Each structure stands twice: as structure tokens, then as C-alpha cells.
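Residue-level listing of the chains:
There are 2 protein chains.
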Amino acid sequence: MSNDLYGLSRVVGEKGVLPQRARKLDPSLPCRDSEVLIDVESLNIDAASFKQIKGEVGGDPARIGARIQEIVLERGKMQNPVTGSGGMLIGRVKEIGAKHPARGQLQVGDRIATLVSLTLTPLVIEEVKAVHVDIDRLDIRGHALLFATGIFAKLPSDLPDTLALAALDVCGAPALVARYVRPGMTVAVLGAGKSGALCLAQARRNLESRGKLIAMDVSQPALDALTAIGLCDVALKVDATQGVDVMEAVSQATGGQLCDLVVNCASVGNTEMATILSVKDGGTAIFFSMATSFTTAALGAEGVGKDVTMLVGNGYVPGHASLTLALLRTEPALLQLFATRYV
Amino acid sequence: MSNDLYGLSRVVGEKGVLPQRARKLDPSLPCRDSEVLIDVESLNIDAASFKQIKGEVGGDPARIGARIQEIVLERGKMQNPVTGSGGMLIGRVKEIGAKHPARGQLQVGDRIATLVSLTLTPLVIEEVKAVHVDIDRLDIRGHALLFATGIFAKLPSDLPDTLALAALDVCGAPALVARYVRPGMTVAVLGAGKSGALCLAQARRNLESRGKLIAMDVSQPALDALTAIGLCDVALKVDATQGVDVMEAVSQATGGQLCDLVVNCASVGNTEMATILSVKDGGTAIFFSMATSFTTAALGAEGVGKDVTMLVGNGYVPGHASLTLALLRTEPALLQLFATRYV
Ligand SMILES: NC(=O)c1ccc[n+]([C@@H]2O[C@H](COP(=O)([O-])OP(=O)(O)OC[C@H]3O[C@@H](n4cnc5c(N)ncnc54)[C@H](OP(=O)(O)O)[C@@H]3O)[C@@H](O)[C@H]2O)c1
Ligand SMILES: NC(=O)c1ccc[n+]([C@@H]2O[C@H](COP(=O)([O-])OP(=O)(O)OC[C@H]3O[C@@H](n4cnc5c(N)ncnc54)[C@H](OP(=O)(O)O)[C@@H]3O)[C@@H](O)[C@H]2O)c1
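Respectively, the protein sequence lines represent chains H and W.
Under my numbering, the first residue of the first sequence is numbered -1, with each subsequent residue one higher.
Under my numbering, the first residue of the second sequence is numbered -1, with each subsequent residue one higher.
Only chain H is shown next, with the shape it has when bound in the complex (with noise of 0.2 Å):
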């Protein structure tokens, strides 16, 4: 590879890991010449990290910055050393290298978000400028270094940043939905958060008004937001935990036929025989919930003999961030409910 699209130059120490598994990456300057440098506004911390080093520093502000600053300064990315995770930063792009794909497509000065992790990103805070511990952010003065397969977003003009952040942590599901829903199918969506509310955004525009969409979660008012709005035919409360519950109250709303296409966007795990069971034979199953096992699917699909496609949600899909914020700004109703509920 003369050309290093995975940033494998950046890894310290560890040779053939990538820059997500690596203990320590090297974010110093220059930019390379198929990497972006980005002047860095702020970090979104993941919650999961954010929560942990609360509790290890406790509550207050400087003491969470300079924890972060420290974990930073130690590893060359923000990886939470205790859960592993990370989070996604906003800042402007100061330099694009002369080997970097998105050269053409992006200026200097455009304002960027990541849709790569912070784990796999070479950063350096310089200054800790505010911690708002109530929405798990920090503003910096400092830069990253984003690779040639390290995907972002244009943060749109239009749009609190907040609000494009949250629909942005999610694009890859409705962008997938987008090519395996045809006119005419019977599609459900298990669990209505979040994501499963863009899931089914995006299938209602693939169905053409042909065929049934379902909405199912464990929450009333999740599912009547949904219903107001119009986001779905059917809506079932249903505990996704429950696989033979769900596949009944399915084949009962769809006449004992069940689905051609069900989308796993719950919380929770141990969701994978409802998702199975309410899929029809021959049809697709769109696992996105980070709580899957890949056994229980696997072996449970095996067990009940049926013949489904299984698919794990990919969180990267060309043109994902494009299609998702085109859904927000074309569904009024869509985007009121994301201003309302994740923001």
C-alpha cells in the first residue's frame, strides 16, 4: 500500500493493527497526504465513557476535561481505556491532503462532523475550553487527522447541530432500508427510537403506498408519536424480548402472513427470535441493535427452520448522511419529532 487508506502509518508501536485496535496512535503534524486535518470544535463524548469517567472523577467540570485531556494526551485518540469506546467530534477542515478522495468534494473552511469513531481518530486537545456534562460534550481548541476511508458529514447550515448529530449517529440504518425495500412489501420496524423512526421514514417513501408498515416497541407513547405523524400502518406494543408474543401479534396484523422485511432497532438484547420469527419464509432480516448476538441469530434461525436472510446492519452506506438529512428536511413531522425527542 503506497497509499495508506486505513492510517496504519499512524499506529505506534504494533505493526499490521489498525488504528482502532492500536493501544496508541501518533497524531502529530504534518497532515499526510491522504489524511484531512481538522481544527476541532468539539468532542462528543460516547455515553457509555462519559458515564464511567463521571463516576471515576465525579461531577465536576474541570476534573472530566482534564481526565479526558489526559486519556488523550496518553493514547493520541479518545478511547475510553475502561469501555473501549468513544465518540465523534465537529470541527473545520484545515488541510486536505493531495491523496485524499475527498479532495474536490471538500474546502478548506467546510464544517465537518465525523461519522468514524474517535477511537480510530489521531487527536490532540491543546485546550479544554467548556465541559456541558448534561449533553456529554466538550469544546476544545485542538486538531484530528481523518483518513482516506474515515468517513464524515457536511454539517448542514440549516439544522441545529444537535439535532444533525443525533440523526447523523444513526444514517447508516435508513440509507440500508433504502435498498431492500420494494413497493408492495410488508415491513416492520422493532423498536420505534431513534433510528427506527428514520427506518421507517425511509420505508414509507420505498412502498410507494403500496403494501404494510409496522411499527412495533415496548413503549406507548414512542408508538403513538409515530402514529400522529403517520410514520406507520400498524403499530404493536410488543416486549422485543418476547419472540413467540411478537410473532403472534405480527401474524395477526398481517393476516398470518408475516413480513417480507423486519429491521432490528431495539435497545435491548435477546431480541433476535422476535426479529427471526415474524420474518416470512424467504424474507430479510436487518439486525442494526448493537445488543445482537451473532449465535442466537445463527443458531435460532437454524433451530426454527427458517429460511431467512440475515443481514448486520453496516453503519456505512455511500451517501448515508445525504439521504438522512434529506429525510429530515423533506418530513416536517419527522423533523419536529427529533427536535422534540433527541435533542
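Warning: the hint list may mix true and false statements.
No copy labels: a pair is met if it fits in one copy or bridges any two.
[Stated by the list, open to error] Below, computed lysine-lysine pairings styled on DSBU-like, alpha-carbon distance capped at 30 Å:
(1) Lys210 to Lys49
(2) Lys192 to Lys22
(3) Lys278 to Lys97
(4) Lys278 to Lys22
By construction, these hints were calculated from the structure, which means they are not laboratory data.
Only a predicted model underlies this, so the values are computations on that prediction, with no experimental measurement involved.
Given chain H's structure and the hints, the job is docking chain W with the ligands onto it.
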């Protein structure tokens, strides 16, 4: 559900729980409408489970048999309480329920192997006739019940049981590969063991002498055996846990193009990145390895910005057993390989 497709009515005391997760099943006769009754000949205990029991009670065959009989008496199924795993069984069809979907296709007296786990199969052991400690097998007198969704295969009369079982154990893999390989593709199989060999043989057919077939394994003898019988165009000796090394080897073997399809049949963990990095943008990865981590795959693809369709290898594909046996029958060299390596 008037028709109990999943055996829910056999679960003792836990409503809405599937037989696999149930603590206890009721294996009592008579055989119900949607079931098949099997006169059991032998139980193939899962390797991990057999080893645990041997460790617990010692190597004496009689004590191993007694312990297994005790578990089955207690749970109504053979599910090792420590490892959670089961195995499969061989027997003759004794009765076919009026509503069982195999009615017409199965005859009383047919010799079959169950392809669903013993962990969800109601079972009664009347007598342990022999314990074959070297091959994790028990010969017994007893009965088992197969649900409408419980998959099985008729045992061929032209192949030894052990050989047929070894192939049937992984028959979902070549059957799924058959769905995804088209002439002209570049296909790689990571892990050239039992299922890897079957996947290569099936891919070879679907490629119709166009495209390229790459076998990868850490073991040179395994690769040599496959090369000798023409099951691959290129054999790469790689360690699948070293993602970047594997990618570089594949890149070199494909003139920088990478693969349209990578099939992961490795028996170790930490092989997700090798799989993902070896796929070209827009390509597909199928994960069969039970050591696959869902989050590592999902976040890994996102982290390197790779547009790869990732499939969870479903152990059930309609017709998988006959496809696999046909593959062995028409490929004498593959049959020979199986007979020498996996029996
Ligand atoms: N790979 C990717 O690219 C990708 C993309 C999008 C999302 N994801 C993953 O998908 C998951 C969901 O993300 P999100 O942002 O949409 O989360 P979210 O906004 O919290 O939504 C999750 C929803 O699931 C519901 N839920 C919780 N327990 C349930 C149960 N037992 N039965 C039915 N519904 C239940 C929640 O209801 P309550 O609010 O009442 O708890 C909530 O409405 C996360 O694991 C996320 O990481 C991954
Ligand atoms: N879901 C399904 O339906 C399904 C179907 C088929 C298979 N599977 C799963 O797929 C996996 C493989 O099954 P199998 O029966 O084919 O096993 P197997 O016969 O043991 O083959 C595994 C192969 O992987 C090789 N290997 C081990 N470590 C490696 C490494 N670091 N790099 C490269 N190769 C390595 C092994 O080489 P050595 O012999 O030198 O160790 C062996 O040749 C298992 O987890 C199995 O459960 C699932």
C-alpha cells in the same frame, strides 16, 4: 396457532418460551399432529459438552452414559447444563403426525438424522446400549420428537454414517454459497477446513470456470490438500486474525481488485476484519464462523468506510442436506478428502 409448529406445547411451565431456551421439555407419548416420532439409534453429543461430562465424571463409559441419562431424565432433552450445547441424533421414523409438513416425503422406517440441536428435541432414553468415548457417541434405546419446523435429513445408504454426519453438520454453508456465487466472480474462502472445503467445491461449480477462487488458511497441509484436488485457483497461507496481512495477500492475488465475495469458515475468533478488508466495495461477506462478533463486524466495516453486505450464515437453507450430499457424491476427490480428514 392451532398448529404447534415450534413445539411450544412441549415446554414445561414457561409460557411463550421456545423449546431451545426452555429449562424442561415434556417428551411423553403419544406423538402429536405436527410431530414426527423417532426410534432413536444413537446420539452424537456436541464435542464441548462431551468433554465437559468426561471431565466431570471421568473417562468410564458407564458413568458418562449414566450422567447423560440423568440430564435427559431431568430436562426432557439433551442440553448440557454447563456448556448449554446439545448435539444431533440418528434414528428411524416410527410415526408421522397428520399435520407434519414432511408427510408424503417421509416414510415410516426411514433412517434420518436430525439437523436441529438436541437442545430443543424432546427425548427419552430407555437404555444406554454403548458409549463410544472416542467419537462422542452413545447408542441408545429410546424415542425423540421432531417438530414441524425441525429440520432433518434422510441418511444416504451409499455413504458411511460418520461421513454423512460430518458433512450434514455444516451443510448450510455450501447451500448459502450457492445462492451468492455467479460466474466470473472473485471468491475467497477464509478457513479451509470442513465447511471451507464444501464452500469451495460449491463456489467452483457456480463460477462455471470463470472468475477466481481463493482458499486461505493458517495451515499449509489443509491448503495443500485442497490444491491437490483442484478446489482452488490460489492458496494463501495467512493468519485470519491479522486483518491487514490478509488484505495485503488478497490484494496481491487479485491485482488490487479484492473479492466480490468472502466466506468466513474459520474456527477462531477475531477474523472479522480480515473478511471485511478482503471484500471490494459493493461486495459481500458471509460469516459462518461461530466465533464472529456482531459488533466487531458492524463497527469494523463502518470504521474503514467499506460498503460491504454482511450476512449472518444461516444454518438452514431449503435443500441444504441434499445439495451437500450430492456435492460429495459427484466430487470423488472431495469425498476422499472428507473420508480421510473428517471421519
Ligand atoms: N450499525 C448501525 O449503523 C446502527 C444504526 C442505527 C442504530 N444502531 C443501533 O440500534 C440500536 C437502537 O438505536 P437508537 O438510536 O434507535 O436507540 P433508541 O432511540 O434508544 O431506540 C430504541 C427503542 O427500542 C425500544 N425498546 C427498548 N426495549 C424494548 C423492548 N423490550 N421491546 C421493544 N422495544 C424496546 C426503546 O423503547 P424505550 O424508549 O421505551 O426504552 C426505544 O424506543 C442501538 O443499539 C444502536 O447502536 C446501529
Ligand atoms: N451457521 C452454519 O450453518 C455453519 C455452517 C458451517 C460452519 N459453521 C461454523 O464455521 C466454523 C468452521 O467450521 P468447520 O467445521 O469448517 O471447522 P474446521 O473444519 O475446524 O475448519 C476451520 C479451519 O479454520 C482454520 N483456521 C484456524 N485458525 C485460523 C487462522 N488464525 N487463520 C486462518 N485459518 C484458521 C483451521 O486450520 P487448522 O486446522 O490448522 O486449525 C481449519 O482449517 C465453525 O465455527 C462452525 O460452527 C457454521
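Hint check results:
no.	hint	result
1	Lys210 to Lys49	neither (40 Å within a copy, 50 Å between copies)
2	Lys192 to Lys22	neither (33 Å within a copy, 38 Å between copies)
3	Lys278 to Lys97	between (47 Å within a copy, 20 Å between copies)
4	Lys278 to Lys22	between (47 Å within a copy, 28 Å between copies)
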